[in-house]
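Protein chains in written order, with the working numbering: chain A, 564 to 977; chain B, 564 to 977.
Any given hint could be a false lead.
Each pair may be met inside one copy or between any two copies, as identical chains are not told apart.
Unchecked claim - Only pairs whose alpha carbons sit at most 30 Å apart, straight line, appear in this in silico DSS-like list of lysine-lysine:
{"hint": "1", "residue 1": "Lys970", "residue 2": "Lys711"}
{"hint": "2", "residue 1": "Lys899", "residue 2": "Lys737"}
{"hint": "3", "residue 1": "Lys971", "residue 2": "Lys646"}
{"hint": "4", "residue 1": "Lys971", "residue 2": "Lys893"}
{"hint": "5", "residue 1": "Lys801", "residue 2": "Lys646"}
{"hint": "6", "residue 1": "Lys971", "residue 2": "Lys908"}
{"hint": "7", "residue 1": "Lys640", "residue 2": "Lys971"}
{"hint": "8", "residue 1": "Lys720", "residue 2": "Lys640"}
In case anyone wonders, no lab produced these hints; they're calculated from the structure.
Number of protein chains: 2
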Amino acid sequence: MSVFSFEILEQIKGGRARLGRIKTRRGDIETPYFVPVATLGSVRALGYDDLAALGTKCTLANTYHLHLQPGDELINKLGGLHKFMGFSGPIFTDSGGFQAFSLGFGREHNISKIGSIFPHGRAADGRAAEKVSEEDHKRKNGKANLTKITDEGISFKSLHDGRWHFLDAKSSMKIQSNLESDIIMAFDECTSPLSDYDYTQRAMQRTHEWAGQSLQYHDKSQALYGIIQGGWFEDLRKESTDCISSMPFDGIAIGGSLGHSKQDMHQVLDWVVPKLDLRPRHLLGIGEIDDIFECVERGIDTFDCVSPTRIARRGSLFISPQSGGGPDNKFRINIKSAIYRDDEKPIDPNCRCPTCRVYSRAYLRHLYVSRELTYFRMASIHNLHFMFHLMEEIRESIRDGTFIGLKKKWLQIA
Amino acid sequence: MSVFSFEILEQIKGGRARLGRIKTRRGDIETPYFVPVATLGSVRALGYDDLAALGTKCTLANTYHLHLQPGDELINKLGGLHKFMGFSGPIFTDSGGFQAFSLGFGREHNISKIGSIFPHGRAADGRAAEKVSEEDHKRKNGKANLTKITDEGISFKSLHDGRWHFLDAKSSMKIQSNLESDIIMAFDECTSPLSDYDYTQRAMQRTHEWAGQSLQYHDKSQALYGIIQGGWFEDLRKESTDCISSMPFDGIAIGGSLGHSKQDMHQVLDWVVPKLDLRPRHLLGIGEIDDIFECVERGIDTFDCVSPTRIARRGSLFISPQSGGGPDNKFRINIKSAIYRDDEKPIDPNCRCPTCRVYSRAYLRHLYVSRELTYFRMASIHNLHFMFHLMEEIRESIRDGTFIGLKKKWLQIA
């Protein structure tokens, strides 16, 4: 049996936002919580000491990527992922199913889980520019795609050596067991916002099959979350919610596709969450600042996303509303801008992170434009500290009953 | 007047190695000391907090590079280099004269200060493959070279914008004053191991002229080191030593070229050091482990070198003799080797650095082959910690009278 429980400490009045505590064999996570991504067993640019100094409670690593490099069996032989990466808190792993999308259609069509973020996903009516049927999927399989999907599982063409690797529920559970992560995900197929109804339905049915197999095969010392699919089709999402939540998972994750806009994503949550029971709810791969507020309000407990560290590496650094952050600038300054050339202020004058305590915007801009490696760490530290601090404020506001006020202040809603 | 003094605490019996203490306005440096290089105002991949945790006493930044990016006037406006880079200890700056070599002949002929490191500097007799005269210098000026050198100063073609920048003793002193570093270098011309006698003599004479001008123009709140040149020609090196040490510098630096082999470098020091008085002695740009022992033995107090952090980024990590390090492997393992794929040991089982306390060779190899940014920091921390620890052992051995034994143990001399 897994040492795993979830307790709801506070539920907002007349709403779905809630304060909770996930207990795992490697420590507790107060929710809502933002889970930083350690794709290959490191949160990019940060060391184990940085994660500790930031007070990082948990991380999420990628099953498929670690399976390829350095290999889950090797990690197991070396004592598991915690020992390997020097992180003693709870680790989530995904199931590899997301890469069916990200290395398949996502890669080919240059779209994200919310299709409209990239031009290819947009049409005149704000919906998909094209629909992709089962036939299209088949036709493209084995060509530009790096994935082949059948009812049995997913074949991936490795970007390392060009060889094909096959994943199914059983092998995904085995890999996650080898990694010795604490919270694992059922094997699923993440569809594209471009997939049509029939294809999305087929993929959802596969995902439900695989959910049952994951329950059967998973390492019982690990907590297992089921993943709800169904794209942005109301009846499919509701069907998937009923199916997954009827199974004895430890927690429930909501996977993509989440439609073509943030509004679509909110709509999907409004279909799904009211049908869920009290188990913890994880929203996979989402984590911009407005998303956090909107999805916490809709009852999400945990989020994982590469965004805060990825945008940091590309020059985007978070600022709070007191320092001029808002929905218009996505709570970011872009440090490469010449206006910061002689700016003595820290990134965010209200931030107490190690970067802001010592470095000016001018210095960080200098490091950025000089491509100095020091930049990547200090920028990532700031953005993660910012996220953790934001989550703390959100938890505090749920405790105090001031969450809606906090959301309105941040998102500038009158 | 600069707040600067040097005290010799212990002198080895019958030899030149010595224990000393440099006092500066920003703190003391116990010598022999290895000074890490912060070319553009950051020790590559490390933050101010890393430098503090490593107990870094001082760093050396590059005048010419900071002059171009972000600009010394900007740094001055922002409160000086210490504030800019968040380092409160003493900072050395070079004079820009080294770039006359590194961006000029060094770049064109692909050689280092010790010519024989690269094939181009080698000939059948182990000496220079070619000699370069004044005429050759002139002919090449403005072609492949990025430098033009006259008795007035050095023009550099910027790698940033292609524009020419002129440096002379006066402007070098002005830039170093703007940077507000603590120990500055007189303006000099660093020649190539390929330069012939006549050219090296001419460059040395210029360097002596510029030494006088540097004394005249430098910011009197900064400690100024004169630089001895003269290539690997005995009479020139001795003439330069007499000239520079007759001037009222706070310390003496020894610049390149240092010949075509490590033996040549030792020979140069044996010509120079016996003629010096008790002022502190800095060897510019040298710092492999065998060099440290050989040059400390020959009376050098401080070294700066990019090598420990540069080789770390390229996969070479230091190991001590107890862990198999020696002259044959240059005290290094190369972490990219497949033999470390499943090696659970830390880089050096005898090391107590933050990297070795937690990470295995297997994990570091995984980060290295995956090009994960985390690698660069953790590898640099190890190599710098290793150098600092080695210097501490060396200082201890001078105090104890066991330096020669320590050197023999490390360099495996019977």
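Against the structure, the hints come out as follows:
no.	hint	in the structure
1	Lys970 - Lys711	neither (42 Å within a copy, 61 Å between copies)
2	Lys899 - Lys737	between (44 Å within a copy, 28 Å between copies)
3	Lys971 - Lys646	neither (42 Å within a copy, 38 Å between copies)
4	Lys971 - Lys893	within (15 Å within a copy, 61 Å between copies)
5	Lys801 - Lys646	neither (40 Å within a copy, 57 Å between copies)
6	Lys971 - Lys908	within (27 Å within a copy, 52 Å between copies)
7	Lys640 - Lys971	neither (50 Å within a copy, 40 Å between copies)
8	Lys720 - Lys640	within (25 Å within a copy, 54 Å between copies)
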